[in-house]
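If you use the UniProt record's numbering, the sequence shown closes out at 197, no skipped numbers anywhere.
No lab work stands behind these hints: they were computed from the structure.
There is no bait here: all hints are sound.
The following label-pair restraints were derived from C-beta to C-beta distances:
#1 41 to 83: 22 to 32 Å
#2 130 to 102: 38 to 48 Å
#3 14 to 177: 28 to 38 Å
#4 90 to 68: 15 to 25 Å
Ideal placement from N, C-alpha and C gives every residue a C-beta, glycine not left out.
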Amino acid sequence: MTHSSTVLIVEDEENLADLFGIWLQEQFEVHVAYAGEDALEIFAEESIDIVLLDRRMPGLSGTEVLQSIRENGDAQQVIMVTAVQPTEDLASIDVDDYLLKPIDRTKLLRAVEAAELVLTYEDSLTELLSLTARKATLEANLDKTELEKDDRYGDLLQRIRELEEEADTTLQRLETDYQIDMLVRDQRIGSQPVEQF
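The task is simple: from the sequences and hints, build the whole structure.
In structure tokens, the structure reads:
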């Protein structure tokens, strides 16, 4: 399976950063920064999709890097990978996922794959909304019988159907493949029933 997502690992423990890089490089294009300042330089030069961000680093902290990322719209998905136990302040930290160290290869890969799936879904959803708006405009302003004779309208309908199916499939995968993984992180939730929204 080919992946087009670019992942930036921001981690001041060089051995750990390099290990994460080895784990991910088969599936993703990987960049590594050992300090927050280096990460911001990479953002200036590269297009980054997903960031694995250590929270506590000397110099520029993970929280400061995160703030810069969000202000500049540099990365679309940010996963904090940290030894810092989450507290109530996590509710106000703008990360897409929060993983506690130590972390194994399987957990890290699943988190990055889930982030990539979310990005794919967002792109598809944007296109779907755009095409649906065009379809509504055409149907409101043109004769339906004439529209149906036009191949371009047929292609538009076909693409809308494909995107709707893609969106459904992606949501199902996020629920079945990744939601369980998120629930398992907190063993206290294990035995409680989980509401489905």
